[in-house]
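Chemist: So the chains spell out like this:
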Amino acid sequence: MKKLLALLIAIIMVMGLVACGDKKEDTAKDDSKKAEDVKEEAADDKKEEAADDKEVDEADLPVLRLGVFDSRSSFVNWYIMENGIDVENGFKIEPTVSTAGGSFLNEAIGAGKIDATQIGAAQAVFSASVYDCINVVEFSEASGSSAIFARPDSDEAQIIGDNPDFPEVRGSADTIKGKTFMYPTGSMSQLTVAKYLEVFGLTLDDIESVNTQYGPGYQALQAGEGDTVTLYSPLTLFAMDDGYVSLASLDQLGQSVRDCLMVTREAYEDPEKMDTIKKWIKVLFEYNEKFQEDKEWQREELTKFHAFYGNDIADPIMLDTEIEKHYLLTVDEAMASLDDLGKSALGVGQYYYEIGIIEEDALEKIENNVDKSIMEELFGK
Amino acid sequence: MKLSKMKKKNNKVKYILISIISFTVFLIIWYMVTDVFKLVKPISLPSPVKVLESFINKFTVKRPDGSTLQAHVLSSLRIVLTGYIAGSIVGVPLGIFMAWNRKADMFIRPVFDWFRSVPGMGWIPVMILIFGINIASKAAIVFAISFVAILINSYSGIKNTNPVHMWVAQTFGASNKQLLFRVAIPSALPHIFTGLRQGLNQAWASVVAAEMIGSNRGLGYMIQMNRENSRADLIIVGMLSIGLVGTILSFVLQKFEDKYVRGRH
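Chains as they are written, first to last, in my numbering: chain X, 1 to 381; chain H, 1 to 265.
The following block holds chain H by itself, in its conformation from the complex (with noise of 0.2 Å):
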């Protein structure tokens, strides 16, 4: 038991050391290319040095984009987790119902698979035209896209469900309420958290698309401005932020989920 915790911490902080290792060697190329051989131009890609500039500078400068890093962030995370979490309460339990009942499914799913085909920035007319240029058309977006990933991971949860298992609770008498609650959902769990996971990232990365709408900030806001501004350093700052900040709410959801989702690991 011992034995196993010790391979299993090893393999973590081996796992950690490639991990910065492999950032290393891409900050080194990126530098190499842009700094020390100059392949290409700083104004089609900005050194590291001065994207890292770029970054900490924007903690406390405004321009030319209007916000600080920080307030851009802030105003994303707004827009990204209202659409999020509407996602999630429509997606979890429409996907246990369509998978739970057939004729709910044969009803439900023409008009979902429309409904997933339609990419991100397809919606920004509709939304505009059914909720105005408030946060709630861009909520609605970031909701579109994250509703899908979440819906199918949830459905599919519940349709691998080991049939042996609910056999089981069949023969002991389980009613069709207990079989589902005691039995398919808690089996779906860690296909409904890989849904939720994979949501939020698209959810995150649709910020760029909702912010087309009305905003005076947020990263997408500051991406497309400083992309008219011609300033490559600050899109690549963008850039990074989306990531970084996407990154951190996954280890959030995956800490969550580690805890929670008996049987996980």
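Here chain X stands alone, though its shape is the one from the complex (with noise of 0.2 Å):
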């Protein structure tokens, strides 16, 4: 029983030294890995001190309040901003994104929430007539992306051409006259539904016009309902995507439609956020001129733009369709029009007032709301 007991005792010192030598290799271990934890967090210390400073700079750069769209004509901007290029550049965008056309970025404006805000033409004549803003520069033709779609088994699908002047125009006076027409009523659609009629010699009351907003005229005329919709890209995209035929877009007819920068009055007489503007401009441009330099590069990028804001466009040819039809300009492009800016906003307008939206004394507001000299200045004349 002795011997058993120091036979025991024995066993439990031996193992009580085994485990010490365990402990001793762990505590080695601990204190090696206790350095390398040191090392990390000085490391991430160092990191994060990094980070600070560059958030200190970040905080310390001048900020470009800018209302944006999710839609193509903030595709730039978006590239911009998501590359961190506004922040390279010594100035720092927060957008205000708008998913419901221009009227909420002029609202934005009205509640004095943005210094400027990319916005097309159409709803640029309320920026400059009701808001006061100014335009100091267009930098995309978006004519291109306002287009009338028929459904591909339609009499009006049939004819292109019918007019010589507009060869690439389908339909006829015929195939039209008494057809029901959804668009929304009083918007850049209007304009392009009766810019489309005037080929054919005809007028708004020649067919049945109903108001209905992109998104539930597509879906209705899936449903069967009417037989024309206006649409806007990049419902255009998919409405060509299901095989609907597009009987005429806005630069088909002639008219051009631009997307403008409209910078508050507030904005446009501080002398420091006109030097941020500026430097946005320069920016806007460069990568402008860089996208249409490589339409691949574009291709992808605007893939993942689409992706970003949950639409799914990958295929080449809709994407080289958005490329070419609502047209990035490059510095020459938009120098090369400089004594029309304004002019496009200015043409809605005129069309706006024939119907009764504005009254007159907004015209000589979106004409005189206008300034080359920011482009002069940052491009030469």
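Think of the hints as simulated: they come from the structure by calculation, not from any bench. By construction, the Cβ of each residue, glycine as well, lies at the ideal position given by its N, Cα and C atoms. Worth double-checking, as some hints may not be accurate.
Below, a sample of chain H positions facing chain X; criterion: calculated Cβ distance under 7 Å [stated by the list, open to error]: (1) V126; (2) I128; (3) G132; (4) G214; (5) M225; (6) R227; (7) S230.
So these bits of chain H aren't anywhere near chain X, every CB distance computed over 10 Å [claimed, not checked]: (8) K5; (9) D35; (10) I56; (11) A71; (12) A104; (13) S117; (14) V118; (15) Q170; (16) Y221; (17) N229; (18) S241.
Computed footprint of chain H on chain X; a stretch qualifies when at least three of its residues, placed anywhere within it, have a C-beta under 8 Å from a C-beta of chain H [claimed, not checked]: (19) 180-193; (20) 354-364.
These two chains come separately, so use the hints to put the complex back together.
Modeler: Quick look at the structure:
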């Protein structure tokens, strides 16, 4: 029994020693791990400090509160923000994204939430006439983005070039008269329809107009309602993909509609804000040009942009159509048409005046609230 | 009796006076903020004077949204009343049926619980696909919104029938049909009318969502169009008109309830 007890004690002691040994090793391991941790922590601290420095730097940068869209008009701006190009160039964009058209951005201007906004000519009419904004640059041609679609088996889709002056336009007076056109009334789409009817010597009185927003209008066409629907990009791309036929787009009807940068009066009269806006314009045109030079890259980034806003558009034909129909202007192109700055908003404004949406004094404001000097200063006369 | 009538009349006068004072104070604050101290830009919040001017003009001027105010009101009333009447015709009997019949309740309730949680705007795509872009789709949206309040109140009215009344009727040998039509429904009428009033308010408030589909006039359309046109004065005119017509409709229904629901007051 004594022997057994002595053996048991001996085993316990040996195990104790082994355990101690392990503990030592563990301690050693712990020590080395601790040292590594300390190193890592130090490295992390350095990284954090660097990040903090960057954050501090970013926080110090002048901010441009910019109204943007979730559509093609703001694609380049999205790329600039996503890749930190704004920060690299010494300013920070604080975007207000509209998924509900330009009226939302005009309301943001009214509420004093933004300094400037990217906006289509149709709503630039109100940015200038109601909110007293200044049109300082037009950066893309968007007239190809508004188009009238019909079913592929419809009469109007079968005829093309009925009026030789408009060889790409489909339909004829006989096939269109009395048909139901769905579009948001009092908008650029109404202008598209009115211009389309003019091609065949018709007016809005010759058709039945139904006021529908783009999405519901397209759904209605799919559900068998109406005869045509006027859509705006990217819905135009989906309609094409679904086999609907474009009767005409605004560019084919000879109407230019450009995206503008409308600057609020407060920002316009603030030299520091205008410096930031000038930096933005420079960077925007730099990337407009880069994208126009490399279409393959533009397609890739455009796909990412659409995916970012929940649209699955990866088909090269659809992307090329968007690139061609909603065209990014290069510096040369913008400068070549600088004397016409504001004309596209004025053109839409004149139509709005004709149909009673705005008063005559609003036209004056649209015409006067334009400043070419910013582009001249940045890119020379 | 005479004293109580006089007291009631005094209370009514007091209520009207307080309402007038409340509105006047609201208008004065609005006027001070916009016209006197100019704390808000007119493009964001026009003054009450400007809104009143636009309100009066809108009776004769069609610009910029294509119709006069009365044409907008009539168009909206047509849609709202169509949807609301349909909602009442379905909602009241269905609510009573669900409350009275346990099996029906168990069968319909899961679908109804899903149905009532869908917001008004959520119905737009479905209604377009089912009814197209005519008045039916707009009225169907109003129906979907008003029907829920009407059904819930009819249901709870029947469920809350005083059991003592039921026992007494049963003791006197009332049949199931008599229990429903002579006891449960009459005692549920105040609840049913509350549902009808709530449903009417919600139906009228849903006009903006309903008129997002293929409208060329209507108060909802007017608000949307003038939002596009940056005309805050006409947006407020549209809002005020919705409130005003809603109050009138609610008042008419209240009078109807006062007259026909026994023991209401």
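Chemist: Give me the numbers of the hints this structure contradicts, sorted from smallest to largest.
Modeler: Those not satisfied are hints 1, 16 and 17.
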